[in-house]
Amino acid sequence: MSGRQGWRRIIRFAFTKRHAEQQVDDELRFHIESLVQRLVAEGMSEDDARHEVMERFQSYQTTRSAMQRNVERKVVATRLSLFLGGLRQDFRVGWRQYVKRPGFAVLAVLILGLGIGASTTMFTVVNGMLLDPLPYPHADRLVDISTILGTRQFTRTTAPEFKHLRERTRSLEKLAAWRRIALDVQLGDGPAQFIAAEVTRDYVDVFGVQPEIGRLFTDDDYRPDAPRVAMLSHGAWRNNWGGNQDAIGSTVSGRRRGAPEQEAFTVIGIMPRDFPSTEDLWVPIDLTGAEWDTPRWFGSMVFSSIGRLRPGASVDDVRAEAAAMSSELAPLHPNQYMDRGDGGRNLMVLPLMDSMVGGYRVSVMIFFGAAAILFAIALANLTSLLLVRALEKRHEMAIRTALGGGRGRLFRLLLAETTTLSLIGGGIGLLISHYSIRLLKVLGPADMPRLENLAANPVVAGFAVGIALLSGLVCATVSMPSATKGGIAPLIRGVQQVGGAKRSAHLRGFLITAQVALAVVLLVGSGLLTKSLIKIQSVDPGISVSGLLVMPIRLTGPQYFGGEFGNEGYSPFFRDVVQRITDIPGVASASWVPDPPIYGRNMTTTVKTEETYEDEAPQSFGFHTVGPDYFETMGIPIRRGRGITRADDEGVLPVAVVDEVFSELFWPNENPIEKRIYAWGRWFTIVGVAGRIYHGGLHRDAAPEVYVSAIQTPVAFGQQRIVIRTRAPLAALAPQLRAAVWEVDPTVPVPSIEAMDARVSEVLREPRFHVALMGSFSLAALVLTLAGIYGLMSYWVTTRTREVGLRMALGARTGQVLWAVSRTALSLVLIGLAVGLCLAAASSRLLDSILFSVSTLDPATFGMVAAGMGAIALLACLVPASRATRIDPTRSLRSD
Amino acid sequence: MPRKTASAMYGNLDLLILHTLHKTGPNHGLGIIDAIDAGSEGAMRVEDGALYRALHRLEEDGFLEAEWRISDKNRKAKFYGLTSSGKKELTRAQKEWKRHTEVVSKVLGIAWRAAR
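Quick note, the sequences are listed as chains A and B, same order.
Here the first sequence is numbered in my numbering, starting from 1 and rising by one per residue.
Here the second sequence is numbered in my numbering, starting from 1 and rising by one per residue.
Honestly, the hints are just simulated from the structure, not real lab data.
Some hints could be false.
[Said to hold, decoys possible] Cross-link-like lysine-lysine pairs, in silico, DSS-like; alpha carbons within 25 Å at most: (1) B/87 <-> B/98; (2) A/74 <-> B/88; (3) A/74 <-> B/76.
[Stated by the list, open to error] Coverage of chain B stretches by chain A, computed from C-beta distances (three or more under 8 Å per stretch; other residues unrestricted): (4) 27-37; (5) 41-54; (6) 71-79.
We put the CB at the ideal spot given by N, CA and C, even for glycine.
Kindly generate the complete structure, drawing on both the sequences and the hints.
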């Protein structure tokens, strides 16, 4: 049966309707034409006869369409049952073949499983993080609101901005804000810290959730004289109340920062289990009062704000309202809204999903793309294998054709074979992705959003099965033509070299080129990421990392607050504790600071010099209030002058230490000692210049920093960190360090003591993870590609045994034989290399946002990948080719 | 006697078709119409559309099987033949028809002369 008929059958299957019409028309035409002829024979004219016949056949049109529907239904049913019956048989045949040759099947299934596993893993991330809606009703209507100051974007906003937006908004149905507070709670085994949040009205409503048990906050709870109430998270309820219903109505005693004494909160409700939050407890706060509208609160970006769009309103509507609000507030608060030529102050409104996922969207899509490339390589690899197999099976196919198996029938058989393979591969891929996701949760960056939402689910399984079926179809389609082309007769006679083989060889050549090109793209990607990681690792953070411990402390007792800056009790406490810590054997020195480098926290404030004092728009710089001996403890070198000492206390004029970057910015080539800077309403005399540090993390540039004495200028609120330079291991010191704190105040919790080098490796975790992920994709790609080249070469050598034997018999030297055999493969590799480098150059731009001080077109990386890939590919060509040179000419010529 | 179409006796069209095919062997639609026409001595003319719809229905029910053949006028035509279940159906329908007409005749007081 010729190919055209086979295809016609397949097409006809798709055009059942046409086919049904045809059948019915044929049947009716016979009826009508016979009647017409009968009348003509009786002497009627043909027109009259036709008219007469149609007259009698009153219901022609309705009959015709009723019959057509009938036939159509029948044809579909018959064909479907035939197809399915055949398919079952085909699968059985396919399965039997693989059982007979398990080696091939296992290899094929593993190759495909690898590709499907990688892409399903990354799809799980894409689906769980980017596609799956947030677990709130109509989550797409939730927006996050934060403050922008010029080029700096904050993740939160301020009380007055929230208050004004809430008063004026029309496009938001609800708007709520909350801020984290620390709450010292007395539980069974000593003081514990609860993560709590003060929340405004509508906080729970805005998410559209209902309490699991109990009630929500009502307007009455927000009155100043109302009894104190609280809601508990599901986790806190389960852990501390055993999930007992009695929790409702019970009392939680705790003290918040700065509060004079303990407060008792009555528990009124429990949040639902699936409400994603890190807080344990929520208490009401009312931001509607005028006291929240003072200039001071414009500097306190501590409120997270979430709004719910009215149905039909868009994010742009809220942006317009926010912009209008800012321009109205600007004249009232000129200092807060001053435009320093960078756009000034405004609110940023983002869909909640975007603000949560943030920069991860880009990296997730990059790695999904990389996984897709690996999948394509695996598919190309498997197709090559199948092409060889198809050549081997041409004999079988020819016999099937000769026995009347149509081309459609043969295609179906092939399809059943490849689909069997690909579905098993898909199953393996799902298994791989299940474990990869577990690994990813352990190894991946800790702050990855929605990590808890990453799991295999029906969508993920559907994706895996979908690409498995697609693989089966692609493999069957590509390996089909060469299986039956070239006529039957020569094949049945057993002649091996016929036309089909040539086409198959071309196709395999193309597949090799494609694999090399795609592997090069992945290799360049991992090369760039590796180089970036090396760069980050080689950055000198400016501090001495090893032997440095960090102990976060948050003071909440009333005795620590009050005075000019509101926290006059901090310094005596920390001075006392640090003194006790320094006395511990094994501790070299200790100090304290709210924001040590590489901790992601950065206190900034506007700083002027005498030269820039008149400027309208002063700049903000890192401004760190540090205890005595800070520079010694951190290992930050003092370039000129001195550091902050014990002597820099309330009794003397305020002093400051600036770093090299600051000094170079304002006084290039000048000595800054004795110059003065202005901040927080007072002048500081510069007494020293410190070395540069990478405060914001190793992957950020060094920025200008200012250090002042925490004793003289206690402007820092909130959590402080005691930093300790030690000569002893952390485990040995930890109990003594805690004891030193509790000797001064036994009610202060010490939640953790961390080693700075652990923190640094935490910072390196994300770039390391990128390298590991891209590296494993490229490694897999490289192995597959090399195996592909090796396989192709081996096959060619085998098929060209005669030719090689002839050449050698005619006196060809080893080098000439090698060249003759591997010439084609080498040129395929070279083309692939060139195409791959071009593709990599075109696509590496996408990596820009996750690279650190490496150009996306880094010539060294591109060169190394080209050279490395070229060398390894050469090896993969030459090893099988060298086998050709060992062919015994006499034997090879006698064969065949 | 005026010619009647089968629409008045639609329910019995199936019986007529099965009977005709049993008598003539495999036949096309027009052949069946002609045979009924002849059998009723011109008293009954089956409506074309009704006949074809009935043929398709009977085929779907498995009482008939169709095949494309060349007719005596050398044209392609669809021939219907009785299947074995069609033959059973014919016997069943004949019995039913007989009982039905006997009962109706009894009620109407018409003397029943057994056909055939």
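Verification of the supplied hints:
Proposed proximity of residue 87 of chain B and residue 98 of chain B is supported: the alpha carbons are some 17 Å apart, at most 25 Å. Using a Cα cut-off of 25 Å, the hinted pair residue 74 of chain A and residue 88 of chain B holds, with the two alpha carbons roughly 23 Å apart. Restraint check: the Cα-Cα separation between residue 74 of chain A and residue 76 of chain B comes to about 21 Å, which is no more than 25 Å; the hinted pair holds. Residue count for the stretch 27-37 of chain B with a Cβ under 8 Å from a Cβ of chain A: 3. That meets the three needed, and the coverage hint holds.
Counting residues of the stretch 41-54 of chain B whose C-beta sits closer than 8 Å to any C-beta of chain A gives 6, which meets the bar of three, so the coverage hint holds. As drawn, the stretch 71-79 of chain B meets chain A at 6 residues by the rule of a beta-carbon pair under 8 Å; at three or more, the given contact holds.
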